[in-house]
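Engineer: Each step along the sequence shown adds one to the number in my numbering, with nothing skipped, and position 15 is -2.
Take the hints with a grain of salt, since some may be wrong.
[To be verified] No farther apart than 27 Å at their CA atoms in a straight line, the calculated lysine-lysine pairs in the DSSO-like style are these:
1. Lys(-7) x Lys11
2. Lys24 x Lys9
3. Lys2 x Lys50
4. Lys(-7) x Lys43
5. Lys11 x Lys41
6. Lys9 x Lys36
7. Lys2 x Lys24
8. Lys(-6) x Lys11
9. Lys(-6) x Lys36
10. Lys11 x Lys24
11. Lys9 x Lys50
12. Lys(-6) x Lys24
In case anyone wonders, no lab produced these hints; they're calculated from the structure.
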Amino acid sequence: MVEELSGNMKKVYDAMVKKGATSEGKAKGMEDIVREAKIPKGVVANSINELIKKKLVKRKAGEKTAKYYILG
């Protein structure tokens, strides 16, 4: 499934891997992912939503902001 990713979704997924967002305990916030991916926040948000739909990424609600991590 990961091999099918292209464009911004691949950049966001790769940024999450580089930041170590590989489990719930290591979930990263949107700003961390934006900095690593070097693409605009809106584009990252859309890409994360698509990755969530594909069941590759999970959203973890926090006190003030959500954090995201890679499933599997």
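Engineer: All the hints need checking, so say for each whether the structure fits it.
Structural biologist: Hints and how they fare:
The suggested pairing of Lys(-7) with Lys11 holds, with an alpha-carbon distance near 17 Å, which does not exceed 27 Å. Between Lys24 and Lys9, the direct Cα distance comes to roughly 20 Å. Compliance with the 27 Å bound is thereby established for this hinted pair. Between Lys2 and Lys50, the direct Cα distance comes to roughly 12 Å. Compliance with the 27 Å bound is thereby established for this hinted pair. Using a Cα cut-off of 27 Å, the hinted pair Lys(-7) and Lys43 holds, with the two alpha carbons roughly 20 Å apart.
A hinted pair counts as satisfied when its Cα atoms are at most 27 Å apart, and Lys11 with Lys41 qualifies at roughly 11 Å. The straight-line distance between the Cα atoms of Lys9 and Lys36 is roughly 21 Å, inside the 27 Å bound, and the hint therefore holds. For the suggested pair Lys2 and Lys24, the alpha carbons sit about 16 Å apart, so the restraint of at most 27 Å is met. Note on Lys(-6) and Lys11: the hinted pairing holds, with a Cα-Cα distance of about 15 Å set against a maximum of 27 Å.
Of the pairs offered as hints, the one joining Lys(-6) and Lys36 holds, with about 17 Å between alpha carbons and a cut-off of 27 Å not exceeded. For the hint linking Lys11 to Lys24, the alpha-carbon distance of about 14 Å falls within 27 Å, and the restraint holds. This hinted pair checks out: Lys9 and Lys50 have alpha carbons roughly 9 Å apart, not beyond 27 Å. The straight-line distance between the Cα atoms of Lys(-6) and Lys24 is roughly 13 Å, inside the 27 Å bound, and the hint therefore holds.
Checked against the numbered hints above, the structure violates none of them.
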